[in-house]
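Enquirer: The listed protein sequences derive, respectively, from chains A and B.
So the first sequence is residues 1 to 406, counted in this note's numbering.
So the second sequence is residues 407 to 544, counted in this note's numbering.
By construction, these hints were calculated from the structure, which means they are not laboratory data.
All C-beta atoms in this analysis are idealised placements derived from N, C-alpha and C, irrespective of residue type, glycine included.
Each hint should be verified, as a subset may be incorrect.
To be verified - FRET-style restraints, in silico, Cβ to Cβ:
no., chain 1, residue 1, chain 2, residue 2, range
1, B, Arg448, A, Glu184, 28 to 38 Å
2, B, Leu431, A, Val275, 26 to 36 Å
3, A, Ala214, B, Leu415, 51 to 61 Å
4, A, Leu274, B, Leu415, 30 to 40 Å
5, A, Phe27, B, Leu431, 26 to 36 Å
6, B, Leu530, A, Val74, 40 to 50 Å
7, B, Leu415, A, Arg314, 35 to 45 Å
8, A, Arg245, B, Val419, 51 to 61 Å
9, B, Lys482, A, Arg171, 49 to 59 Å
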Amino acid sequence: MTERDVEIFGIPGLLWRVSFRSRLRFFSLLAVMAVASLLLCGALFFQGGVEAAISRGMERLGADLMVIPQGGDVPLQKGLLGGVPVTFSLPPGMEEGLASVSGVAAAAPQYFLASARASCCEAGNLLLVGYDPGQDFTVLPWKGKAAGGRPADDALLVGGAVMKGVGAQLRFYNHTFTVAGRLEKSGMGYFDNAVFIPLAGVAAMERSSRSPGAVPITVPWGRPSLLLVKAAAGAVPEDVAEGIRSRYPGVRVLTMPEVFRQAKQRLGRISGLLVPLAASAWVVVTAIVAAAHSLYLGGRKQALGLLRVMGASRLRIVMMFAGESLALASAGAAAGSLSAFWIIRMFAPYFAVVSGFPLLLNLPVIAGSAAPPLIALFLATTLLQSVLTVSLFLRAEPYELIRGEG
Amino acid sequence: MNMRIIPGLMLAVTGALLVLIPRHLFPTCGFAGLTETEKAARMICNTTGGITTWLGVLTVACALTLLFRKGGALGKGAFLLAGAAGVALFFIYTVWPGVCKAPTMPCRVGTLPAALLTAGVQVLAAAAGLRPVKGRNG
Numbered sequence: 001m002t003e004r005d006v007e008i009f010g011i012p013g014l015l016w017r018v019s020f021r022s023r024l025r026f027f028s029l030l031a032v033m034a035v036a037s038l039l040l041c042g043a044l045f046f047q048g049g050v051e052a053a054i055s056r057g058m059e060r061l062g063a064d065l066m067v068i069p070q071g072g073d074v075p076l077q078k079g080l081l082g083g084v085p086v087t088f089s090l091p092p093g094m095e096e097g098l099a100s101v102s103g104v105a106a107a108a109p110q111y112f113l114a115s116a117r118a119s120c121c122e123a124g125n126l127l128l129v130g131y132d133p134g135q136d137f138t139v140l141p142w143k144g145k146a147a148g149g150r151p152a153d154d155a156l157l158v159g160g161a162v163m164k165g166v167g168a169q170l171r172f173y174n175h176t177f178t179v180a181g182r183l184e185k186s187g188m189g190y191f192d193n194a195v196f197i198p199l200a201g202v203a204a205m206e207r208s209s210r211s212p213g214a215v216p217i218t219v220p221w222g223r224p225s226l227l228l229v230k231a232a233a234g235a236v237p238e239d240v241a242e243g244i245r246s247r248y249p250g251v252r253v254l255t256m257p258e259v260f261r262q263a264k265q266r267l268g269r270i271s272g273l274l275v276p277l278a279a280s281a282w283v284v285v286t287a288i289v290a291a292a293h294s295l296y297l298g299g300r301k302q303a304l305g306l307l308r309v310m311g312a313s314r315l316r317i318v319m320m321f322a323g324e325s326l327a328l329a330s331a332g333a334a335a336g337s338l339s340a341f342w343i344i345r346m347f348a349p350y351f352a353v354v355s356g357f358p359l360l361l362n363l364p365v366i367a368g369s370a371a372p373p374l375i376a377l378f379l380a381t382t383l384l385q386s387v388l389t390v391s392l393f394l395r396a397e398p399y400e401l402i403r404g405e406g
Numbered sequence: 407m408n409m410r411i412i413p414g415l416m417l418a419v420t421g422a423l424l425v426l427i428p429r430h431l432f433p434t435c436g437f438a439g440l441t442e443t444e445k446a447a448r449m450i451c452n453t454t455g456g457i458t459t460w461l462g463v464l465t466v467a468c469a470l471t472l473l474f475r476k477g478g479a480l481g482k483g484a485f486l487l488a489g490a491a492g493v494a495l496f497f498i499y500t501v502w503p504g505v506c507k508a509p510t511m512p513c514r515v516g517t518l519p520a521a522l523l524t525a526g527v528q529v530l531a532a533a534a535g536l537r538p539v540k541g542r543n544g
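This is chain B alone, in the form it adopts within the complex (with noise of 0.2 Å):
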């Protein structure tokens, strides 16, 4: 068994979560029906949960690079792109653009701890895939 599957799979799972997080699982203020719609564009969380979309459409689109192309540089590149992407959700959420500060906003309290346990699964599955391959033991 090609043991390369399973942190592919994963990032395919954490690749849809993050697209499902902000607008659907753990919505943003705006989407959480907290706020006015003309106000929500305008929300720093909303615009952290598109930025949030989008990084997971890429994660999705680095596993099923990988479904396709297993190793070589294209399945490297792959989890590599995956992680760094992971990793950057952490800088997202805690440094800029962020979240609302007060502390029962829902991307507070909901959005923030979903996708950060998230990003932090794809950086640990990304790292899963990089680790270089050995000989079949056991």
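Same shape as in the complex, but just chain A (with noise of 0.2 Å):
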């Protein structure tokens, strides 16, 4: 500090030169903001992410129950929500039985398939799902871009993350497919991942594996791997399922909750501890925040006392150091809730493959998780602490600052 410094920029130039200066502050402060957003932030819009995909998948759906093979809760998980391929089939002739249950609307079959392991790049480790388009709820009503209404036999549609472009190409079993449309994505794997093809076009394939050099594949038609039941209006669904397991007692049903009761389970695990971590994470900032601002203010004491001499006001040294300590704590604050964004968003496709969590991580889940509120309340933390620190300091009358006494 210089007396150019005070010719120059005056008090409140002043004021800004001295404040910024702090090297261990700035950092310190920057620093444990950041790392506190970043984790907090972190699993606050995991748990959205996972949430909000889960809800975009049961209404997506469309189906009020799902009957499964008994043992096919472990796969369908994995295919459900990371959309990895799995196999697994159904017990013969409930795909046309199922029509006669009572309170049953519609029930459309899928049948889940594996691309073939030899596949590369574009074509590997891929859920394959033949449908029905005439019996269809789950998949037609969300294609987005499309070529035309209902896909051709020769046509299939993608999900959100496969990259194929409408018109593109894809091959399977020997058999060449056209990208009709291509699913909007939704955070499951489900959606985001497989490669829906009508029944009509995987009977094609299944006769182009059979070529010489072919990879061959065999289709368990008349078993599909599930149905999707959609209930009568004015039925109940858990009624229904009673209905169904009463008439095929090998075979599991399934409401929508119950799908998703796995992964909520789960996530009701790692949500219990956000409470905790949340207040641990205050308390440690608040320690550390205070304890930086003791020892910056410690060793500003004849700066503080200059000041004052200078003639500066105690409320305009509190307002400066006080707007600096929530400037740099929400430069922080927002770099950390960045990097949590943005590091979710990139493994958001490993949490769904590999851990079985789907999800979908917006603005809309963003704003509406706890983020804001605990942001918010770590800056105001930060803002009372650095007034409180500011104003004890400036107790003392300027000549003891100068002096280091105070």
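Taking the hints as your guide, dock the two standalone chains into a single complex.
Expert: Next comes the structure, spelled out in structure tokens:
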């Protein structure tokens, strides 16, 4: 601080220059807020993103019930949430018989198949879903930009994350399909990572796979992997489920909440840690910021005294240092929460495919999470601490501050 | 305390991560057991993973250089080289050679985000190391 500083900038400018010259305080305040908001926002965005994906998935499935074989829960979770290839089959005869069960308005079969292991980069590790366009109410309502109405038999629909545009070609088991449309992204692996082929196309693919040199595939016709059931108007889904179980005791009949119950339970275990995590983070941040403020101002007593002597009021000094603290803390919080957002978004496919957590992260999810009020609490605490600490130091007379006392 | 130590340490960490990511932490498809070994060598993600490993070795070498030569042209060169390696990784993963396009392939869901996140941190660390050092305050 020199006379030139005072001449050029006056008291406000001097206050500004004094405030931002401590590298230790700058980085400690910025870093601690960034790390705290990274961890907290990461956990909250993850929680909100999983809940949003599950909610969107339930809505888009459009069914009241899902019928799967006994023991099909685990592969179902992998296929539905992660969109990874899984195969399982119901007993024969259910497709035709289900329509006669009381309360069943519609039953749409789906065949889960896997792309060939030898397939590489574009068609590898894909879940192929054979569906009946005449009975479907899950896939077709969500196709976005499409070349037409119902896809032709040699056309398929791709999930939102499959990197093929409309009109592009995909080859499975020696049969070439054309992409007729892309489903809107949902955060759920089934809708994002799978490829949906009309049953006639699946039959053509099976025939092509029997050519010499091709990898063969055998489709369990008459034994779909699952049946999506719509209950009739006025029918209670649980009652319809009971009716199906009594007619077909060897299958599992799940309501939509039950389909996602396991994922919700796992999320619940993580959510239970959020409150202790937030409380611990608040205590740590408060302690570190208080220590940083005290150390910083303890080394700035002479500067505070000089500012008082030069005519700066206590209020002005408090506002300047408090404003600086708030600006640094806000910058740290912004950096931390933006980093959390991008990290979660980048790893969303990993969480879905490997960990079985579907994830949909967008602005409405962020705004609806507990992250904004929590960050506001942290910033308010930092501001209050700064005001209190500066005010305590300014209780001393200017000459005491200049002499390093007070 | 010499503030350049922190960026140097960060480069050592990012370099080590870049070496480990493509083969061990978030392995590419050929090393994730997804395809036959003889086909693994031909997959583009395997090439990308190999380049990543070597850039990681380069980054670790830069970090070791900084350990013995903190300032001067050699130190600056080490930060520049590490930063350039980080920038190159973005090109390698998004333009050429890239990774597999299928959305559930291990290289796309794991290797790509892990490598790009590490590269981002590396670029920031290199930029922090290149910042001119002023006189000590506070």
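Enquirer: So, against the hints stated earlier in the document, which numbers end up violated here?
Expert: none
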